[in-house]
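Take these sequences, add in the hints, and give me the full structure.
Chain order of the listed sequences is A and B.
Under our numbering, read the first sequence as residues 60 to 175, first letter to last.
Under our numbering, read the second sequence as residues 205 to 317, first letter to last.
Treat the hints with caution; some may be incorrect.
Simulated restraints, written as ranges between beta carbons of each label pair [to be verified]:
hint : chain 1 : residue 1 : chain 2 : residue 2 : range
1    : A       : 142       : B       : 218       : 23 to 29 Å
2    : B       : 255       : A       : 120       : 43 to 49 Å
3    : A       : 120       : B       : 284       : 41 to 47 Å
Covered by chain A, according to a simulated footprint, are these stretches of chain B (three or more residues, beta-carbon under 8 Å) [what the hints assert, rightly or not]:
hint : segment
4    : 256 to 270
5    : 306 to 313
These are calculated hints, taken from the structure and not from any lab test.
We put the beta carbon where it would ideally sit given N, CA and C, even for glycine.
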Amino acid sequence: AQKITQTQPGMFVQEKEAVTLDCTYDTSDPSYGLFWYKQPSSGEMIFLIYQGSYDQQNATEGRYSLNFQKARKSANLVISASQLGDSAMYFCAMSSPNQAGTALIFGKGTTLSVSS
Amino acid sequence: DAGVTQSPTHLIKTRGQHVTLRCSPISGHKSVSWYQQVLGQGPQFIFQYYEKEERGRGNFPDRFSARQFPNYSSELNVNALLLGDSALYLCASSFASILETQYFGPGTRLLVL
Numbered sequence: 060a061q062k063i064t065q066t067q068p069g070m071f072v073q074e075k076e077a078v079t080l081d082c083t084y085d086t087s088d089p090s091y092g093l094f095w096y097k098q099p100s101s102g103e104m105i106f107l108i109y110q111g112s113y114d115q116q117n118a119t120e121g122r123y124s125l126n127f128q129k130a131r132k133s134a135n136l137v138i139s140a141s142q143l144g145d146s147a148m149y150f151c152a153m154s155s156p157n158q159a160g161t162a163l164i165f166g167k168g169t170t171l172s173v174s175s
Numbered sequence: 205d206a207g208v209t210q211s212p213t214h215l216i217k218t219r220g221q222h223v224t225l226r227c228s229p230i231s232g233h234k235s236v237s238w239y240q241q242v243l244g245q246g247p248q249f250i251f252q253y254y255e256k257e258e259r260g261r262g263n264f265p266d267r268f269s270a271r272q273f274p275n276y277s278s279e280l281n282v283n284a285l286l287l288g289d290s291a292l293y294l295c296a297s298s299f300a301s302i303l304e305t306q307y308f309g310p311g312t313r314l315l316v317l
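Written out as C-alpha cells, the structure is:
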C-alpha cells in the first residue's frame, strides 16, 4: 500500500538559514507524483512544489526545491533563506493513478518554526 | 482568478444531525476532491469527482456522500453526525483527475457536540 512518512514532528530554524524537511514514500506504482503543501494556522493547504516520478531533474520553485532520490524513495523539501512567514505545518503527499480515484496520500506533517 | 471557495467556514452541529458542505472549484477545473483532516493529522481522502462522476472513494462509512453539479461545484453530505466527525473538511480542485496538482480551498471547520 502507498504510504508517506515524515519523521520530523517539529523543526526549528533561524531567519535566512536553509532547512530540509524529510519525506520518504512507499509505492509499487511506476508512475506517481510527489507534492509538498504548506498549511498555516488558518488551515488552507497551499501548494508549494511538484515532482513527477519520471522527471529527471529536481523540481524548483523560487526558494523551494525538492531533493528527489528515487532509489531511496525520498522527496525532501529544501527551503532556502527561511523567512518568518515560513512558520507553518508542511505536508508531503503522493498521488498515484493506479490508486482508486487518484487521491492524495498525506504524511503526518512537520511543524516548521522560524525565529528572528 | 478566484481560488477554490468553500462554505460555510465554520459549523457547529449536534450528534445525529445532518450537514452539507459546499465547494466551488477554480474556473476551468473539472475535478473536485474532498478530504477530512482531524487535529494533528494529515488530510484523509474521502471522495473524488470528475465530470460529475465519482472517481474514487476513501475508507469512510456510507454516512458520507457527495455529488458534483453540471457547473463542477460539489457538495459533501454527512448524515447521523458523530463526535468523531469533528474536523476540518477540505475541498480541492484540479483540471483533470490523474496526476494533476490539487489546489485546496480554505476548508470548513465542523464541530459536533
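Cross-check of the supplied hints:
With their beta carbons about 43 Å apart, residue 142 of chain A and residue 218 of chain B fall outside the hinted range of 23 to 29 Å. A hinted range of 43 to 49 Å is violated for the C-beta pair residue 255 of chain B and residue 120 of chain A, which are about 29 Å apart. Between residue 120 of chain A and residue 284 of chain B, the C-beta spacing of about 43 Å keeps the proposed range 41 to 47 Å intact. As drawn, the segment 256 to 270 of chain B meets chain A at 5 residues by the rule of a beta-carbon pair under 8 Å; at three or more, the given contact holds.
Counting residues of the segment 306 to 313 of chain B whose CB lies closer than 8 Å to any CB of chain A gives 7, so the stated coverage by that chain holds, three being the minimum.
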